[in-house]
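Engineer: Line order of the protein sequences matches chains A and B. Residues in the first sequence are numbered from 17 upward in steps of one, following my numbering. Residues in the second sequence are numbered from 11 upward in steps of one, following my numbering.
Note that these hints are calculated values from the structure, not bench results. Backbone N, C-alpha and C define an ideal beta-carbon position, used for all residues, glycine too. Among these hints, one or two may not hold up.
Said to hold, decoys possible - Here are some of the chain A residues that sit facing chain B, going by a computed Cβ distance under 10 Å:
{"#": "1", "residue": "R23"}
{"#": "2", "residue": "A24"}
{"#": "3", "residue": "V140"}
{"#": "4", "residue": "A144"}
{"#": "5", "residue": "A146"}
{"#": "6", "residue": "M147"}
{"#": "7", "residue": "L280"}
{"#": "8", "residue": "Q309"}
{"#": "9", "residue": "E333"}
Stated by the list, open to error - Between beta-carbon pairs, the in silico distance windows are:
{"#": "10", "chain 1": "A", "residue 1": "L356", "chain 2": "B", "residue 2": "V94", "range": "23 to 31 Å"}
{"#": "11", "chain 1": "A", "residue 1": "L356", "chain 2": "B", "residue 2": "L79", "range": "32 to 40 Å"}
{"#": "12", "chain 1": "B", "residue 1": "D200", "chain 2": "A", "residue 2": "T277", "range": "33 to 41 Å"}
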Amino acid sequence: MRRPSPRAGLVVGAVFLGLFIVLPFIGLHVPWVLPGTLDIVNSTGTLEVLALCFMFAGIAVGYDMMFGYTGLMSLGPVLYFAVGTYVFDIALTHWEWPLFPSLLLTFGVSLILAVVLGAIALRVHGIAFAMVTLAFAQAFYFLVESNPHNLTGGDTGLSLSYTRLPSILSGAVSNTRNLYWIALAFLVVAYLIVWLVTESVTGHVFVAIRENELRLDVLGVRPYRFKMVSFVVSSLIATGGGIVYILVIGTAVPSVVASTTVTLSILIMVVLGGAGTRWGAVVGAVVYIYLQQYLDKVGAEPSFTRLPAVLRVPLSEPQFLLGALFVLFVFFAPGGIASLVLRRRLNRASAATLLSVFKKS
Amino acid sequence: MNIFLVLTFSGVALGAIYFLAASGLSLIYGLMDVLNFAHGLFMTLGAYAGYEIATRLPTSLGAPTLVILAIIGATLFGGLAAGVTELILIRPLYGKPISQILITIGLDLAVVGLLMGGFGSTALQIPVPLWLVEPTHLGGLFLPNANFLAIGAGVIVLIGLELFLALTRYGIIIRAGVENREMVRALGIDVGRAFTLVFVIGGAMAGLGGILYTIVFSGDLVSPNQGDSLLIFAFIVVVIGGLGSIRGSAVAALTVGLLQQYTSFYIGGHSGWAQIGDLSTVLLLAVVLELRPRGLFGRVA
Chain A
17 MRRPSPRAGL VVGAVFLGLF IVLPFIGLHV PWVLPGTLDI VNSTGTLEVL ALCFMFAGIA
77 VGYDMMFGYT GLMSLGPVLY FAVGTYVFDI ALTHWEWPLF PSLLLTFGVS LILAVVLGAI
137 ALRVHGIAFA MVTLAFAQAF YFLVESNPHN LTGGDTGLSL SYTRLPSILS GAVSNTRNLY
197 WIALAFLVVA YLIVWLVTES VTGHVFVAIR ENELRLDVLG VRPYRFKMVS FVVSSLIATG
257 GGIVYILVIG TAVPSVVAST TVTLSILIMV VLGGAGTRWG AVVGAVVYIY LQQYLDKVGA
317 EPSFTRLPAV LRVPLSEPQF LLGALFVLFV FFAPGGIASL VLRRRLNRAS AATLLSVFKK
377 S
Chain B
11 MNIFLVLTFS GVALGAIYFL AASGLSLIYG LMDVLNFAHG LFMTLGAYAG YEIATRLPTS
71 LGAPTLVILA IIGATLFGGL AAGVTELILI RPLYGKPISQ ILITIGLDLA VVGLLMGGFG
131 STALQIPVPL WLVEPTHLGG LFLPNANFLA IGAGVIVLIG LELFLALTRY GIIIRAGVEN
191 REMVRALGID VGRAFTLVFV IGGAMAGLGG ILYTIVFSGD LVSPNQGDSL LIFAFIVVVI
251 GGLGSIRGSA VAALTVGLLQ QYTSFYIGGH SGWAQIGDLS TVLLLAVVLE LRPRGLFGRV
311 A
C-alpha cells in the first residue's frame with residue numbers, strides 16, 4: 017500500500033502534536049463544535065474528553081498493528097485494557113504500593129497473561145481465534161465481577177486511591193491538564209512503538225502473514241513467533257491505555273472497562289479510521305469518542321423531546337447511530353476514513369487482500 | 011444425590027438452549043465462513059417478539075395459548091430477521107468474510123440500541139401460565155416444568171435438524187457445502203439459496219432459544235442485552251464442539267450446560283463465588299483447545 021510521503025505525514029503529525037501540547041493554555045471558546053458545557057477547549061470537561069480520545073487512539077493504533085497489519089482479529093483487547101486498570105488500581109489502592117512497582121507489576125501481569133493466553137489462542141486460526149480471545153476476555157469480566165477477596169469491588173467497581181501517587185497526579189481538578197498530557201504522551205509512545213515495529217523487518221513479516229501465512233511457512237519462516245510478538249506488543253499497549261484510563265477517570269467498573277463493548281469500540285475505531293494505516297486508527301478513535309460524546313449530549317437536548325417517537329427514539333440513542341454509521345462504512349467505504357482521504361493513492365488490490373484474510377481459514 | 015439429579019436436569023435444559031443458539035451459529039460458519047455476531051441479536055429479537063405477542067393479544071385466549079403463540083412467534087420472527095439480514099446485509103458482501111463479521115457487529119449494536127430506545131434498558135416481564143412456574147413431582151424429585159419445555163424443544167430441533175440434513179435435497183446441499191463449497195458450486199448447484207436457508211434456520215433456532223431462555227432461566231424477563239451475553243457461551247460451545255458440526259454442538263452444549271450448573275452449585279454455592287460456573291466454561295474451552303485445537307467433532311482443516 018502506497019502512503020503519502022513520510023515527510024508530509026511527519027509535518028502533519030508534528031503540527032497536531034504541538035497544538036495539543038499547548039492546548040490547555042488556550043482558553044478558546046468554540047461553540048457548536050463541542051456540545052453543552054464543553055465548548056471552552058481548555059475546560060476540565062473538554063480536557064478529560066480529549067484525554068479519553070488520546071487513550072483510545074493509542075490502544076487503537078496498537079490494535080491496528082495486530083488486526084490491520086498482521087491480520088489477527090482478536091476480540092479480546094479489553095482483557096489487557098482491564099488488566100491495566102484493575103491491577104494498577106489494586107496495587108495502589110489495596111496494597112498501597114508506590115507508583116513504579118505498581119507499574120512494573122501491571123505490565124508484568126499483562127505480559128504473562130498475553131504470552132500464556134496468546135499461546136493457547138494462536139493454536140487456532142481466523143474466526144476460531146476471534147471466538148477464543150473473546151471467551152478469555154469474558155472470563156476476566158466474570159472474574160472482576162465476582163469480586164475475589166474483595167479486591168475488585170464487584171459490580172460497584174473500585175475507586176483509585178491517589179495517596180501513593182505523586183501530588184501532580186492527584187485527583188484534584190487542577191491536575192486534569194497533567195493527566196491530559198500523560199494521555200497524550202501515551203498516544204505518542206504507542207504510535208512510535210507501532211511505527212518502529214511495523215516499519216521494521218518484523219513488521220514486513222506481519223504483513224506477509226496477513227497476505228499469505230502458508231507461503232511464509234513454506235519459505236521457512238515460522239509465522240507463530242511473529243504472531244505472538246504482534247499479539248503481545250498490542251496487548252501491552254492496551255494495558256498502558258488501561259493505566260491511563262484509571263488515572264484520568266479514577267474508578268474501574270466491570271461493565272465499563274471489562275465488557276466486550278470496549279473491544280467492539282476499539283474494533284470500530286480501527287475500521288472506521290482505516291485498518292492497516294496507523295494514523296487511520298487515531299482518526300477513527302477521535303471521531304468515535306467525539307461522536308459518542310456529542311450524540312449523547314444532543315440526544316438529551318430539550319428540542320429533541322418534541323420530535324415524534326419514530327425519529328426521537330433512534331436519534332437519541334448513540335449506540336444506534338454509531339452502529340448504523342459503522343454498517344454504512346463497512347458497506348460503502350471498507351477502507352475507512354483513510355481510504356476516503358487517500359482514494360487515489362490506495363492500491364485497491366492490497367485493500368482487497370486485507371479483507372480476504374479470513375477466507376483461507 | 012437428589013440435588014445432583016436436579017442439577018443434572020437443569021444442566022441439560024441449559025445445554026438445550028445453548029444447542030439452539032450454537033447449532034445455527036455453527037452451520038452458518040460451516041457453510042459460509044461467517045462469524046455471525048448478530049446471532050445474539052436474533053435471540054433477543056425472538057424474546058421481544060414473544061413479549062409483544064404475550065402482552066398484546068387478549069388475555070381471554072388463556073395463558074397457555076399465549077405462551078405457545080409467543081414461542082411460535084419468537085421462532086418465526088428470529089427466522090425472518092435472520093433471512094432479511096442475510097439478503098440485505100450479508101449477500102452483497104460474499105467473499106469478504108471480515109466485512110461480513112463487521113457488518114453483523116454493527117447491526118447488533120444498532121438494533122440493540124434501538125431496542126434500548128424503544129423498550130427501555132430495564133427488563134420486561136412476560137406473563138406465563140402457572141404450570142410453567144410449578145415443579146413436577148417425579149420419583150422423589152421436584153423438577154421445574156419449564157426445564158421440560160427447554161429439553162423437549164432441544165430434542166425435537168436436534169432430531170428435526172438431523173433428519174433435514176440427512177434426507178432432504180437442501181439438507182444434502184448444505185452438508186455438501188460445509189464439506190466443500192466450491193465443488194458444490196462447480197456442480198451447478200445454487201449455493202446462494204442454501205446460504206439464505208441456513209440463516210433462516212439458524213435465526214429461527216436462535217429466536218426459539220431466546221424466548222426459552224427468558225422463560226426457563228431468566229425469570230420470564232426480557233432485556234436488550236440478554237442475547238449478547240448468551241452469545242459468548244454459544245461461541246464457547248461452537249469452538250468446543252468443532253466448527254460446522256451439529257453433533258459436536260449438541261455434545262458440547264450438554265457438556266457446557268452441565269459443567270456450568272455443577273460448578274456454580276458445588277464450588278460457587280459453598281464459596282459464594284457465583285461466577286465460577288461461567289468461568290469454568292472458559293477453562294474447559296482452554297483445555298479442549300490444548301488437547302484438540304479442532305474441537306471435539308471438528309473437520310480436518
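Engineer: So, for every hint listed, does it hold in this structure?
Structural biologist: So, going through the hints one by one against the coordinates:
1. R23: Violated - the Cβ of R23/A stays beyond 10 Å from chain B, reaching only about 32 Å at its closest.
2. A24: violated (29 Å)
3. V140: holds (5 Å)
4. A144: holds (6 Å)
5. A146: holds (6 Å)
6. M147: Hint holds; M147/A Cβ to chain B Cβ min 4 Å, cut 10 Å.
7. L280: holds (6 Å)
8. Q309: violated (16 Å)
9. E333: holds (4 Å)
10. L356/A with V94/B: 23 to 31 Å: Holds: the Cβ-Cβ distance is about 29 Å, inside 23 to 31 Å.
11. L356/A with L79/B: 32 to 40 Å: violated (49 Å)
12. D200/B with T277/A: 33 to 41 Å: Since the Cβ atoms of D200/B and T277/A sit about 39 Å apart, the hinted range of 33 to 41 Å holds.
When each numbered hint is compared with the structure, violations occur for hints 1, 2, 8, 11.
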